[in-house]
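Modelling step: build the complete structure from the supplied sequences, incorporating the hints.
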Amino acid sequence: MTAPMATAAPPASGRLGNYAGGLTRLVAFAVDIAASWGIFTLGVAGLTFAISLVTGKQVNLASRQIIALVAIIIWEFLYFSYQWSLGGRTIGMALLGIRVVATEGDPITPRQAVVRTLTLPLSFLLFGLGFIGILLNKDRHALHDRLARTVVVYSWDARAARLRWLAKQEPATPA
Amino acid sequence: MPGANRMEQLVESIAERVVNLVLDAIDINAIVSKVDVDGLIDRVDVEKIIERVDVDKIVSRVDVEAIIERVDVQRIIQRVDIDSLVEQTELGTIIAHSTSGVASEVLDVVRAQGVGLDDFVARWINRILRRSSDDWPAGPAKLIAPVPIVVPILETAG
Numbered sequence: 001m002t003a004p005m006a007t008a009a010p011p012a013s014g015r016l017g018n019y020a021g022g023l024t025r026l027v028a029f030a031v032d033i034a035a036s037w038g039i040f041t042l043g044v045a046g047l048t049f050a051i052s053l054v055t056g057k058q059v060n061l062a063s064r065q066i067i068a069l070v071a072i073i074i075w076e077f078l079y080f081s082y083q084w085s086l087g088g089r090t091i092g093m094a095l096l097g098i099r100v101v102a103t104e105g106d107p108i109t110p111r112q113a114v115v116r117t118l119t120l121p122l123s124f125l126l127f128g129l130g131f132i133g134i135l136l137n138k139d140r141h142a143l144h145d146r147l148a149r150t151v152v153v154y155s156w157d158a159r160a161a162r163l164r165w166l167a168k169q170e171p172a173t174p175a
Numbered sequence: 176m177p178g179a180n181r182m183e184q185l186v187e188s189i190a191e192r193v194v195n196l197v198l199d200a201i202d203i204n205a206i207v208s209k210v211d212v213d214g215l216i217d218r219v220d221v222e223k224i225i226e227r228v229d230v231d232k233i234v235s236r237v238d239v240e241a242i243i244e245r246v247d248v249q250r251i252i253q254r255v256d257i258d259s260l261v262e263q264t265e266l267g268t269i270i271a272h273s274t275s276g277v278a279s280e281v282l283d284v285v286r287a288q289g290v291g292l293d294d295f296v297a298r299w300i301n302r303i304l305r306r307s308s309d310d311w312p313a314g315p316a317k318l319i320a321p322v323p324i325v326v327p328i329l330e331t332a333g
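So the protein lines, in turn, are chains A and B.
Heads up: the first sequence at position 16 corresponds to 16 in the working numbering, and the numbers run straight through without jumps.
Heads up: the second sequence at position 14 corresponds to 189 in the working numbering, and the numbers run straight through without jumps.
The hints are simulated quantities; they were obtained by calculation from the structure and are not laboratory data.
The hints are all genuine.
Chain B side only, calculated, beta carbon under 7 Å to chain A, not exhaustive:
1. R286
2. V290
3. V296
4. W311
5. P315
6. A316
7. L318
If you anchor each label on the Cβ, the simulated ranges turn out as follows:
8. A:V44 to B:A316: 40 to 46 Å
9. A:P107 to B:D247: 24 to 30 Å
10. A:A160 to B:I242: 25 to 31 Å
11. A:A35 to B:D256: 38 to 44 Å
12. B:E244 to A:F127: 52 to 58 Å
13. A:A34 to B:R250: 42 to 48 Å
14. A:A160 to B:I251: 14 to 20 Å
15. A:F127 to B:L304: 18 to 24 Å
16. A:I132 to B:A316: 20 to 26 Å
17. B:R306 to A:G105: 21 to 27 Å
18. A:G38 to B:E240: 51 to 57 Å
19. A:R159 to B:R218: 54 to 60 Å
20. A:W75 to B:I303: 37 to 43 Å
We put the CB at the ideal spot given by N, CA and C, even for glycine.
Laid out in C-alpha cells, this is it:
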C-alpha cells in the first residue's frame, strides 16, 4: 500500500451533481487547451514525417499559416464537440471531475455539444465577459452554456473521496 | 299461547325498567376508581398469554415488503456517521485495499483543492455583492432532487 499523502481531507458533503465552480472549470479548460495542442502538435509532426517519408521532400506546415489556422480551428472543434457529445466531458473535465449536462440534468445531446463548441468563442469576446456568469449567476451559466442550454456540474463524488482519504489514515485506537 | 306471550312481555318490560333504574342509581366512575388495576394486572399471567399467541401466524400476516418500502433508507443513511465508522473500524482498511492507487489519490487531492477554491471564491463574491446563496439550487433538479419514496397503502387483512 502506498504511503498516505499529507493533504487536507476532501469535503465532507458530496458534490455530485452540484454546479461546478469557476476555478475548477478554468483549470479543466487550461488542461484541455494543453492536451488539444499537444495532440495537434504530435499529429502535425507525425503527418510531416509521413509526407517526407513518402515524397522524400521536407514539408514545413508552419510556413502555411492559413492552412495551419484552419486545421487548428477544425481540430479544436472536433476535440471539444466530439468529447462533449460522447460523455459530456473532455480530458480536462474528466481529470477535474466535472461534466456538461443539459439544464435540467439530462445527458447533453450531440446538437447541444456542437452548439456549445461553436458558441464557446463568443464567451471570450469583450475581455471574456461571457464567462462572468459563472461567478455571478446562481446556475453558473457562461454565455455559451446559456446558448446551448447546458450547465457544468461536479461528476466527482467528494464523499467517496473523503471515505478513501479516511481509509488511508491510521485507525483510531479505541479508548 | 297468547296469555303466556303477554306475561313474557310484561316480565321483560319490568326487567328492563328495573335494570335502567339500577344503572341510574349506580356511580360507575366511583366503582371503577375503587378497582385496583395494578393488582389486577399483577394477577394476569402474561407468560401464559404469550405462550398461547401464535407468533408465526401473526408474522405470516405482516407485509414485510410494504414495511421495507415505507422505510426512508436515505434518511437513515444520512444519520449514520460514516466518517467515525470508517475511522474506528477495520472498514477503512478494506476500503483502502480496494481503492488504493496513487493516481486516484492525486485526482482526489486536485479535485478537493478545486472544490475548496470554488467555495472560497463563491463565498467572497457573495460577500462583496452582499447577497446570500443559501436558497439557490445546488444543481440541476434531476441531479440533486431526492429520490421520491413511494408509500404503499396497506391492505387490512380480512
